[in-house]
Each structure stands twice: as C-alpha cells, then as structure tokens.
Amino acid sequence: MIARKPLRVLIVEDEALLALHLQECVEEAGHTVVGIAATSREALELAANANPDLAFVDIHLLDGTTGITVAQQLVHQCKTLVVFMTANQKLIPGDFAGAAGVVSKPYTQSGLMSALRFIERCMNTRTASGRPPSSLTLSKNYQERWHVPP
Amino acid sequence: MNARDDARKMGAWLDSVHAKGDPFAAAIRSTRMSMLITDPRQPDNPIVFANDAFVHLTGFPREEVIGRNCRFLQGPETSRASVRKMREAIAAREDVFVELLNYRKDGEPFWNSVFISPVKDESGEAVFFFASQFNISRHKDREHRLTTDKNYFEEEVLARTAELEQALKAKTMLLHEVDHRTKNNLQLINSLLMLQARRVTDEASRNVLRATQERIEALGAVQRLLYQEHNVDTFDLSAFIRDLAGNLIAAGGRTDIETEFQLESIEISASRAAPIGLLINEVLTNAMKHAFVNERPGRIVLAARRDGDELRIKIADDGVGVRKDAPDHRTFGTTLIETLARQLRATLKRSDGNPGMVIEIAMPLDSVSK
Numbered sequence: 018m019i020a021r022k023p024l025r026v027l028i029v030e031d032e033a034l035l036a037l038h039l040q041e042c043v044e045e046a047g048h049t050v051v052g053i054a055a056t057s058r059e060a061l062e063l064a065a066n067a068n069p070d071l072a073f074v075d076i077h078l079l080d081g082t083t084g085i086t087v088a089q090q091l092v093h094q095c096k097t098l099v100v101f102m103t104a105n106q107k108l109i110p111g112d113f114a115g116a117a118g119v120v121s122k123p124y125t126q127s128g129l130m131s132a133l134r135f136i137e138r139c140m141n142t143r144t145a146s147g148r149p150p151s152s153l154t155l156s157k158n159y160q161e162r163w164h165v166p167p
Numbered sequence: 325m326n327a328r329d330d331a332r333k334m335g336a337w338l339d340s341v342h343a344k345g346d347p348f349a350a351a352i353r354s355t356r357m358s359m360l361i362t363d364p365r366q367p368d369n370p371i372v373f374a375n376d377a378f379v380h381l382t383g384f385p386r387e388e389v390i391g392r393n394c395r396f397l398q399g400p401e402t403s404r405a406s407v408r409k410m411r412e413a414i415a416a417r418e419d420v421f422v423e424l425l426n427y428r429k430d431g432e433p434f435w436n437s438v439f440i441s442p443v444k445d446e447s448g449e450a451v452f453f454f455a456s457q458f459n460i461s462r463h464k465d466r467e468h469r470l471t472t473d474k475n476y477f478e479e480e481v482l483a484r485t486a487e488l489e490q491a492l493k494a495k496t497m498l499l500h501e502v503d504h505r506t507k508n509n510l511q512l513i514n515s516l517l518m519l520q521a522r523r524v525t526d527e528a529s530r531n532v533l534r535a536t537q538e539r540i541e542a543l544g545a546v547q548r549l550l551y552q553e554h555n556v557d558t559f560d561l562s563a564f565i566r567d568l569a570g571n572l573i574a575a576g577g578r579t580d581i582e583t584e585f586q587l588e589s590i591e592i593s594a595s596r597a598a599p600i601g602l603l604i605n606e607v608l609t610n611a612m613k614h615a616f617v618n619e620r621p622g623r624i625v626l627a628a629r630r631d632g633d634e635l636r637i638k639i640a641d642d643g644v645g646v647r648k649d650a651p652d653h654r655t656f657g658t659t660l661i662e663t664l665a666r667q668l669r670a671t672l673k674r675s676d677g678n679p680g681m682v683i684e685i686a687m688p689l690d691s692v693s694k
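One line per chain: the protein sequences are A and B, in this order. First residue of the first sequence? That's 18 in my numbering, and the numbers climb one at a time after it. First residue of the second sequence? That's 325 in my numbering, and the numbers climb one at a time after it.
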C-alpha cells in the first residue's frame, strides 16, 4: 500500500460556486487547497507563493481566455501539473500548452473524483494503473510519460 | 515619286483590264467593305488600288494612299505583335486575319479587322495581295465593357462573400458562446446540488438531492455531445449511451460490472436529445441498481439499432432478474419513465433474461429524428 501524500492544489476558476465545489471535492479526497484564483494575475501570484503540486485551470477567467497562458506559466515557472477544466476544448492547443490533460464541463461528481484519483496515482507512482476515466482526456505527452496503455 | 508612279501605272492597268461590264470589278469598287490591292513585286508592297469604302473608312483621299505601304494606318497604340503577325504572313505568302488598332487621317483610332490574302499566278508567285478591312470598334467597345462589367461583378461577389463569411464567423462564435454558457450553467446546477447535498444531514434528503444530481448529470452528458463541430442539429445516440453507461458505472464505483455495446450509429434530432437521454438514464440506472445488488458482479449489454422506421434500444443484464416478491411501488423514477415515454411515443417492455432482465424500448424514429 503506497502512502498517500496529500497534494497541494491550486484552483483557477472565476465561477465562485464551481471553485467551492471543486475545493470540497479536492479536500474530500484528502488533499489541500492552497488557493483559489479568478484572474491570471492572481493565479500566478498564488502559485509563486504556494508552489502547488497540481492546478485545475479553467480557460475562461475574469480577465478573458487567459487560462492557456496561466497553464504555460505554471508548468514552466512552478513545475505544477496542470489540468484544464473547460466547456470549450477547442481552445486548447495541440500540445495542451504543457498541461497533463483536460476535464470537460459539465463534469459529473464521480467523473471528477475518479479523475482526481487517477492523477494522484500517476503523480505518486509515475505510471498509470490503467486507462484514464472517461471524464479525463490526457495530452499525448502525458500519455507517454505515464505509460498509459493504448 | 517614282514608286508612286509605278503604283499608279499598275492601278491604271488594272482598271483597263477590268473595265465596265466586269461584275467582279464592279463588286469590288462599289462594295461597302473596305478593300485594297497591293503589288508585292514593287518595292515595299505599295497599294495600287483602294476602293471607296477604304477612303470612307480611313478618311485618306485616294491620291494620298496609292503607292504607299498600308503601314501608314498604324499608330502609337498599335500592337507590335499584330503588325509582326501580318508581316510574317505576307512574307510567307499566307492568308492572315488580324485585329489591330489603326488610325484615321484625323488621328481618330479605330479597331480594324484585317484580312490579307496573296493572289498567286500559275507559277505560284504572289503577284498581288488582296486586303479587306472592317471597323469593329463598336464590337471592341462592347467586349471591353463586358470585361469591365465582369471584373466589377467579380469584385462585388468577392466583397459580398467576404461579408457573408464574416457574418457566418460571428454567428458560429455566438453559437459556441451559447453552448459554452449552457455547459457552464449545467455545471453550476450540478455544483449547487453537490454543495447542498454535503450539508444535508438526514439520509432521505441527501438521497433525493443525489438522485436529482444524477439526472442533471445525464443532461450534462447530453449537452457535452450536442453542437459537435460537424453537426449542430443532431446528436450521436451511440456516443451518448457509451458516455452515460461509463459514467453510471464509475459513479456506482462498481469496477466489477462489464459493459458490452452493440450500438449502431444513430443520429437523433437535437431537440429530442434531452428527453431520450433522461429516459435511457432512468432505465439504465434502475437496471444497474436492481440487477447487481449486494456486490454481485455481472455484465450489461446495451444495444441500439434502427428497425424499419423504429428506434430500438435494448438493455440486458445477467443480474438477479425480475424479483417476483418485489413490492410494486410507484417511485418518481417510474413517473419519469412513463412521462418521457409518452413524450417520445415509446413503449417499454420488461422480460425475463434467464438469467437477469431484458428491457426493450421502442419508439418511432420520426419522433426523435428529423
């Protein structure tokens, strides 16, 4: 039994209710939420201070469709693992801007929890235990990195 | 001066051998078509005869024309290529047709359709050249106007197309925006229900909220599949059933339930996607709840096909089957199923699966597709 290390999670989402829901799900799964940001600037400031392991990033924020840039910065500056949450997957570039994957809105409760479980396991063991849940679409990069079976 | 004399002499000789009574000569003299005869055996191929029509066309009096090469009709805008074409044909003693810009004596340009033909004797030597000229300025004008008009219309079409493309882009962006909004709002509803359910302490209320949340999630699954790139007014039923079944099994946390899909690709009208999605969700949720109770593993087969003008959906499990002793109580789920079935004009049939249960839903395709 691998010891579960709680993850430090940053939530970047401008709809406060969705952010709250996400926070409660993350905490229920045993992790810590280090901050909630509604703009790209807030997100980068919080990340610089808190150094999160994992970030859930919506593409549409208060200051526009800046989620992609946020993801890029988080990946490069803080080595955070980024997962997009969005209703509009078309805006995500082919290389996912360095993010590990995307959860499509609207997501189901169980879909979110199983995505979280899957990512946690991959982060701890560096390899996937199987295929990701249908709620989570991984980038090609991370499919390879985590040896996801085809 | 000498050359002109020679030309005049030739002209006079021609006149004499083609005197009054010669119908061909009469024709050439009096025709309205401008005509010339030149003598290639004299230096520079001078004009030796010009009819009245030529004088009228070009404005040059006959004495100014006889003895000269007809290049005096050319001017600054005359195409050198056309001139070269004429010169080469004459040198080769061949017929030639050329349209070129010529100039009248008063300097006014006109488009001249020129036909030149050598007149050969028995030995094959060209002894004369015959040329006719025809003013096609009006024709050229029309041609030019047509080209100008054509260019104008082409530009207009391009401009209108660009406008239409802009409008289409704007409408598409709006559609994406609305779709995005709807998905966000469904997510809000879901999150509200979840946040509420967590805070409710009594079991019964929490179950009610959870049940509602599951139905909202089915609507979310419908919305996720709507407005895909290629088709905005239809909905892929097989993709939906796969998505829904996957979600429900994950939600139940039952990794021991297998699914088998036998799904034809069926497009449902987008306006019917919600009721059919909710109906299938209700039936499937029920099936899974009752078939695999007490951690009993098993498999579910989900099939959808077209049968004539009907849509047939089958959900078959190998679970506990129809419970003979089960109390027959109406639940909200039953009401939902009956109401949705009525809307879709669907019939539901439950039968023994031996083992397990088979549920068959049939509905007329025109109630769900375009």
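Don't take every hint at face value.
[Stated by the list, open to error] Below 30 Å or equal to it, Euclidean Cα-Cα: the simulated DSSO-like pairs (lysine-lysine) are: (1) Lys673/B with Lys613/B; (2) Lys495/B with Lys333/B; (3) Lys107/A with Lys333/B; (4) Lys107/A with Lys495/B; (5) Lys638/B with Lys613/B; (6) Lys157/A with Lys22/A.
Read the hints as simulated data drawn from the structure, not as lab findings.
Discussion item. So, against the hints stated earlier in the document, which numbers end up violated here?
Written reply: Per hint list: 2, 3 violated.
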